[in-house]
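There are 2 protein chains.
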Amino acid sequence: MEKLKFDANGLITAVVQDDAGGGVLMVAWMNAKAIRLTQETGEAHFWSRSREEIWRKGSTSGNVMKVVKLLVDCDQDCMILKVTVDAGQCHVGYQSCFYRKVLTDVGDKMAFISKPVYDPDEVYKK
Amino acid sequence: MEKLKFDANGLITAVVQDDAGGGVLMVAWMNAKAIRLTQETGEAHFWSRSREEIWRKGSTSGNVMKVVKLLVDCDQDCMILKVTVDAGQCHVGYQSCFYRKVLTDVGDKMAFISKPVYDPDEVYKK
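Quick note, the sequences are listed as chains A and B, same order.
Read in order, the letters of the first sequence are residues -2 to 123 in the working numbering.
Read in order, the letters of the second sequence are residues -2 to 123 in the working numbering.
Bound-form chain A, shown alone (with noise of 0.2 angstroms):
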């Protein structure tokens, strides 16, 4: 992917999208690896920041992320995955982790506008 511009750090920004519903599922971060790891596998595989390693969405929750087709922007800074899943992609128990709108008229206050799918005590065994 030598055509990719990578940032300071060497990564790329991924949005994951669910590629039936149009979804947005989530906004993570690939290196040069975990974009190859995708390839070669068809599953997503992200680079954490936080922890600083390779990861391969869904190897505790078993929600792997089954890659469809890689898009690349404009200037090539950014890419989508378009993704097919099963249920329960983000970490705290929603189909998606943009679960939440601003509610601009109150200032800076959240609104929940989605629904748990699963219970992530149970998947994640906290």
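Everything labelled a hint here was simulated from the structure, so no lab data went into it.
Accuracy of the hints is not assured; some may be wrong.
Since the list gives no way to pick out one identical chain from another, each pair is judged satisfied if it fits inside one copy or across any two copies.
To be verified - Calculated cross-link-like contacts (lysine-lysine; reagent style DSSO-like; alpha-carbon spacing at most 27 angstroms): (1) LYS2 <-> LYS98; (2) LYS2 <-> LYS112; (3) LYS30 <-> LYS0; (4) LYS98 <-> LYS0; (5) LYS106 <-> LYS0; (6) LYS106 <-> LYS66.
Given chain A's structure and the hints, the job is docking chain B onto it.
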């Protein structure tokens, strides 16, 4: 927006999604001021990392983005702007910046998956 986690440069990733069709149009960056201006005006404002200035999308092209909803992700370091748009959001003439896909079976080659919707030379008077 005190609850948001800005990065070391005071920025947060912003995914722009067509509220009607669900297509991801672009990914950009916002600082606190860009978010405030977006909330106050209802039009998408970003921080341009290359020009180092606030950027009202559509000031030149006329393709302003009306923000319907602001979503926040689980760890609060990313937002989705659900917007209503007219034709031609990408500066090179496409409706979405993601107009190419990676042909994984032939390395890093890309294929066009969309057709231009306007002539950027006309709009930007290059």
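Tested hints:
1. Taking CA atoms no more than 27 angstroms apart as the test, LYS2 paired with LYS98 passes between copies only; the shortest distance there is 15 angstroms, against 31 angstroms inside one copy.
2. Taking identical chains as interchangeable, the C-alpha atoms of LYS2 and LYS112 lie at most 27 angstroms apart only when they sit on different chains, with a minimum of 23 angstroms there against 37 angstroms within one chain.
3. For a Cα distance limit of 27 angstroms, the shortest separation of LYS30 from LYS0 inside one copy, 15 angstroms, qualifies, whereas the shortest one across copies, 32 angstroms, does not.
4. Proximity of LYS98 to LYS0 under the C-alpha cut-off of 27 angstroms is restricted to the inter-copy arrangement: shortest distance 13 angstroms between copies versus 35 angstroms within a copy.
5. Within a single copy, LYS106 and LYS0 get their C-alpha atoms only as close as 40 angstroms, which misses the 27 angstroms cut-off; across copies the closest is 9 angstroms, which meets it.
6. Within a single copy, LYS106 and LYS66 get their C-alpha atoms only as close as 35 angstroms, which misses the 27 angstroms cut-off; across copies the closest is 13 angstroms, which meets it.
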